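A.B. asks: Next come the chains, spelled out residue by residue.
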Amino acid sequence: MEKIVTMQEKDMQKVTSTQRVVKVLVQIAVYGFLGIMALVTLFPFYWMIISSLKSLEEYRLPNPTFIPKQWMFTNYIKAFNTANLGSLFVNTMFVGIISTVLSLVITVLAAFAFARLEFKGKNLLFAGLLATMMIPGEMFTITNYQTVVQFGWLNKFVVLVVPFLVSVFYIYLLRQNFLQIPNELYLAAKVDGTSDLKYLWKVMIPLALPTLISITILKMMGSWNSYMWPRLVANDAAHSMITNGLRNAFTTTTGDVDIPVQMAAVALVSAPLFLVFIFFRKYIMKGVSRSGIKG
Amino acid sequence: MVNSKHKWKAWLYLSPAIILLLIFTVWPIINTVQLAFMENYDIMQALGGKKFTLGFGNFVSVLQYDGFLQMLGTTVLLCVITVPVSTMLALLIAVCLNSIKFLNRFLQTIFFLPYVTNSIAIGMVFAAMFNIIGNVPGLDSSLVSWGIFNDLLGVFGIKPINWINMGSGYWENIFVMVVYIVWNALPFKILILLGALQSVNKQYYDAAKVDGTSRARTFWRITVPLLSPMITYVVITGFIGGFKEYSSIVGIFGDTMGPPGNPGQLQTMVGFIYDSIKKNQGKASAAAIILFAIILVVTLINLKVSKKNTHY
Numbered sequence: 291m292e293k294i295v296t297m298q299e300k301d302m303q304k305v306t307s308t309q310r311v312v313k314v315l316v317q318i319a320v321y322g323f324l325g326i327m328a329l330v331t332l333f334p335f336y337w338m339i340i341s342s343l344k345s346l347e348e349y350r351l352p353n354p355t356f357i358p359k360q361w362m363f364t365n366y367i368k369a370f371n372t373a374n375l376g377s378l379f380v381n382t383m384f385v386g387i388i389s390t391v392l393s394l395v396i397t398v399l400a401a402f403a404f405a406r407l408e409f410k411g412k413n414l415l416f417a418g419l420l421a422t423m424m425i426p427g428e429m430f431t432i433t434n435y436q437t438v439v440q441f442g443w444l445n446k447f448v449v450l451v452v453p454f455l456v457s458v459f460y461i462y463l464l465r466q467n468f469l470q471i472p473n474e475l476y477l478a479a480k481v482d483g484t485s486d487l488k489y490l491w492k493v494m495i496p497l498a499l500p501t502l503i504s505i506t507i508l509k510m511m512g513s514w515n516s517y518m519w520p521r522l523v524a525n526d527a528a529h530s531m532i533t534n535g536l537r538n539a540f541t542t543t544t545g546d547v548d549i550p551v552q553m554a555a556v557a558l559v560s561a562p563l564f565l566v567f568i569f570f571r572k573y574i575m576k577g578v579s580r581s582g583i584k585g
Numbered sequence: 044m045v046n047s048k049h050k051w052k053a054w055l056y057l058s059p060a061i062i063l064l065l066i067f068t069v070w071p072i073i074n075t076v077q078l079a080f081m082e083n084y085d086i087m088q089a090l091g092g093k094k095f096t097l098g099f100g101n102f103v104s105v106l107q108y109d110g111f112l113q114m115l116g117t118t119v120l121l122c123v124i125t126v127p128v129s130t131m132l133a134l135l136i137a138v139c140l141n142s143i144k145f146l147n148r149f150l151q152t153i154f155f156l157p158y159v160t161n162s163i164a165i166g167m168v169f170a171a172m173f174n175i176i177g178n179v180p181g182l183d184s185s186l187v188s189w190g191i192f193n194d195l196l197g198v199f200g201i202k203p204i205n206w207i208n209m210g211s212g213y214w215e216n217i218f219v220m221v222v223y224i225v226w227n228a229l230p231f232k233i234l235i236l237l238g239a240l241q242s243v244n245k246q247y248y249d250a251a252k253v254d255g256t257s258r259a260r261t262f263w264r265i266t267v268p269l270l271s272p273m274i275t276y277v278v279i280t281g282f283i284g285g286f287k288e289y290s291s292i293v294g295i296f297g298d299t300m301g302p303p304g305n306p307g308q309l310q311t312m313v314g315f316i317y318d319s320i321k322k323n324q325g326k327a328s329a330a331a332i333i334l335f336a337i338i339l340v341v342t343l344i345n346l347k348v349s350k351k352n353t354h355y
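Heads up: the sequence lines are chains A and B, in that order.
Everything in the first sequence is counted per our numbering, starting at 291 for the first residue and increasing by one.
Everything in the second sequence is counted per our numbering, starting at 44 for the first residue and increasing by one.
With the rest of the complex left out, here is chain A (with noise of 0.2 Å):
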């Protein structure tokens, strides 16, 4: 009897160390992947800078250096002439700056009036604005062609700004957030006589404020990075946008041509984005796992 219960806690000690041996082997292979698919996304942004400062003629080596053996900062000056950055940067903040203002106004004003507002029609009204999220863009995109060269707006900056001020997304966004405001905070204003404005701007605003940040991170960064439509209807240099200065200033990409000066462009592009990444990450990470849109 005695012998039998020692066997059985043999067989537990066993069987606990090699769950232990397993556990950590489990660990070593969990962290050993995350570190490698790391590496993999990281690579490019790596490679990105390192290519940047190297000189033509370092970078041409058949066997490529992992550290720029010179740092040639100068490629940084000769892309910010090459492809016109300033202008560039100048015109992209300009839009982006003018037409983020002027949608979290409309959003705001919007998004209160579905939420705390009666009026007649309103759940089918926003249920049409919901599906209109369904159609892809390019559906509007070549209505929206002939809306312009009919306004003649072609290569002016308000054909950049107006048609896409308003978006059914953020004010979905920003209502579900007011909703979450008591209704009382509302009525108790109304009865002492504070205006719709200004319970707006003192307390839905302050209270809305984390998704109101999402949305401008988001709006602006969809104007740095908007390419299709700038190409369309804004080709001339006055009115280029960042990307497709960018685009047009390094047409090629493959065989001998200047790479590094092209990754410093690259890299001078990013740069903006990533800093607002570092100091916004949450508010990004947020509006984008409601979203599923790019930019």
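Simulated restraints, written as ranges between beta carbons of each label pair:
(1) L315/A with A336/B: 47 to 57 Å
(2) D194/B with I326/A: 17 to 27 Å
(3) S345/A with I143/B: 39 to 49 Å
Don't read these hints as lab results, they were simulated from the structure.
None of these values were measured; they are calculated from a predicted model.
Ideal Cβ positions, reconstructed from N, Cα and C, are used throughout, including at glycine.
Keeping the supplied structure of chain A fixed, place chain B upon it in accordance with the hints.
C.D. replies: This is chain B only, laid out in the frame that chain A set:
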């Protein structure tokens, strides 16, 4: 009610949004369908007073266009490869991330990084990585750098391949696009799946542990079914995005949508629509409607398939 006498106010607040939506969202839906049935409609000619015949001519000319099957093929091919690959990888990464504590936040941030990039700009980086620098491949080896990706393959004894340069083949191009698209698609999928994993009730796993269920079984029998609604979501948005593939190709190959000397080798549906917008809005509209129909059908099939396998 306090609000009832201020009904007009609601409409006042809504008016900027509604007016802009009517012009740039509602009208396009009606008009694009209309244009699709006006043969070879062109805005410049229309402004000049020209009338266009009604009919299915635009659809016929899109479907009969020589490159149509090729571009549809490329679009479908990219979808069918990249969506499953990126979803599986994202699921694996999310599950691994969810199981660790040390370095968790740090790794999460790294995996999200590709999301906050400009797909045209980073496309140029991938082009540089696959580029062969020097003369025509194989001629003067002293001047030739095979590019970092070929160098990497060389470590495993694989001979350099012409991925995107002059004279490169269709499948080589597709391979580069798959690598880039998967790299680009991972962050969003990881974010969504990790979020879903974190909200899974831990009790299921505790129960599995008590029963001595193996890890693989736990993964397939608990994790995947519980995540299935989110996996469906990620797959559907992946397919929708995949059918609209365009800017990642522009990033690597430029507006020519193909390697030097062979423009249009990687043309896609959206690329075709954008090329037609300035010349022939009728044809562009027909192509957009065909694309919409394809996306709709694929989404419905996806929903149907996943309904069978989805656990709510």
